[in-house]
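First to last, the sequence lines map onto chains A and B.
Here the first sequence is numbered in my numbering, starting from 1 and rising by one per residue.
Here the second sequence is numbered in my numbering, starting from 211 and rising by one per residue.
Hints listed in this document are in silico derivations from the structure and should not be mistaken for laboratory results.
Keep in mind that this is a model prediction, so the values were computed, not measured.
Just so it is clear, CB atoms sit at the ideal spot from N, CA and C, and this is done for glycine as well.
Watch out, some of these pointers could steer you wrong.
Unchecked claim - Interface residues of chain A toward chain B, partial, derived using beta-carbon atoms under 7 Å:
#1 GLN6
#2 VAL13
#3 GLY17
#4 PHE31
#5 THR32
#6 ILE158
#7 ILE159
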Amino acid sequence: MVKNKQNIAILIVLIFGFSLLYFGTDGFQAFTAEKARVNNLMKDHPIFPEVTLEDSEGAKYSFSKFEGKYVLMTFLYTGCTDVCPQLEYNLAQVHDLIPSQYVGEKIEFLSISFDPTRDTPETLKKYAQYFNTDSTAWKIARISNEEELTSLLNEFGIIVIPDDYGNFQHNSAFYLVDPNGILIEVLDYKKVEEAATIVTTILEEKVGRN
Amino acid sequence: MKQAIYGLILYVFLILPPVASLAESVMTIHMHMQMPLLVVVGFLFTPFLKQTFPNFFVQWNAKGVPGILLFMVITVYWMLPRAMDEALNIRAIETFKFISLPFFAGVPLRDSWSKMNRLWKSITFIFLTLTYGMIGILYILTPIQLCNNYLMLEQKTLGWSSLVTALCFLAYLILNVTIDKSKYE
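Please construct the entire structure, taking both the sequences and the accompanying hints into account.
This is how it looks when you write it as structure tokens:
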């Protein structure tokens with residue numbers, strides 16, 4: 001009898017353990033919260049909220065300026081010494097890999113700073129010069145209104161943690177927003193060619209449809 | 211009974227919101243102090259629970275195997291980077307942490323330990339050495355941020371402290387194998 005109960009207990013524990021790990025990782029898909037975040041974004045497709053952008057030329061406009069075009073965007077702060085320069089350099093490479101007839105016509109590039117106090121238009125302009133941003137199809141901008149910035153970061157699931165030295169730890173990716181302002185892809189920023197191929201395919205499909 | 215009271219005091223102390231948020235603000239303290247202390251709470255509750263429900267432990271955990279398996283499952287779950295993050299962002303997962311670690315890890319570990327044979331004790335030590343070692347190497351070598359709530363530097367720190375923990379387990383294992391205990395008894 002006792003032996004029997006012990007076997008039942010082992011079975012229960014194994015089933016419980018399997019379920020815990022299965023549901024805790026969305027079916028062994030997402031072992032980190034970041035992976036779960038990206039999976040959820042791809043499922044939820046959040047809409048880019050109404051925010052006022054101020055770019056490196058000091059021009060102010062809302063996101064609807066990009067209506068009708070795809071936007072490939074990144075989030076950064078210019079004081080960042082590790083990930084952001086890599087992120088922007090890779091975005092520049094994606095920019096160059098996408099067939100030039102689409103750039104500016106069908107797709108624009110946008111880098112958004114989440115550190116509006118330090119990233120003034122002048123700072124952003126200086127920063128943009130390091131990367132191939134003489135392209136008119138690439139804007140680098142800040143969102144000065146804190147509430148608007150927070151709502152965007154929340155919608156897109158971007159976690160920004162300030163550290164004690166004036167730096168931020170943040171998750172990085174390429175975000176592709178479609179002509180209706182809906183987030184449709186979150187791409188690995190380290191895989192430049194893969195990102196360019198995916199974006200180009202989407203653009204070609206769009207052209208094919210029109 | 212005295213142990214259960216100490217356990218209760220420790221438990222309440224760990225749950226106090228300022229204590230919990232302080233412990234969770236540093237990754238290494240979260241994983242290597244708060245979580246193990248919750249397991250210790252379970253240790254302290256065990257004699258009281260065994261007294262209150264004697265049949266349950268005798269019948270369902272006779273040789274200690276179900277208990278130790280439950281302990282292993284809970285340990286593996288709380289090693290997932292995602293579980294650490296969600297314990298901070300999702301209330302239900304945080305509640306699960308405060309319940310699962312004492313009652314599904316601490317209690318079964320203490321109850322099982324005295325019942326298990328040498329083989330299962332060794333399996334437990336090898337399991338702990340491997341999981342801590344693997345998580346340590348993973349956190350030290352990975353170039354990406356695994357937990358969204360913690361900085362890369364904290365991740366590396368946790369990696370090293372996990373690896374040191376694994377080495378301690380390993381040292382104990384080696385000692386256990388090489389020392390002839392009969393000489394000292």
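Going through the hints against the structure:
Annotation: GLN6 (chain A) was flagged as interfacial toward chain B, and the flag holds, the nearest CB pair being 5 Å apart, inside 7 Å. Interface hint status for VAL13 (chain A): upheld, as the beta-carbon distance to the closest one in chain B is roughly 5 Å, under 7 Å. A least Cβ separation of about 3 Å between GLY17 (chain A) and chain B falls short of the 7 Å threshold, and the interface hint therefore holds. Because the smallest distance between the Cβ of PHE31 (chain A) and any Cβ of chain B comes to about 6 Å, under 7 Å, the interface hint for this residue holds.
Satisfaction of the interface hint for THR32 (chain A) is found here, the shortest Cβ-Cβ separation to chain B being roughly 5 Å, below the 7 Å cut-off. Because the beta carbon of ILE158 (chain A) sits about 10 Å from the nearest beta carbon in chain B, more than 7 Å, this interface hint is broken. Annotation: ILE159 (chain A) was flagged as interfacial toward chain B, and the flag holds, the nearest CB pair being 5 Å apart, inside 7 Å.
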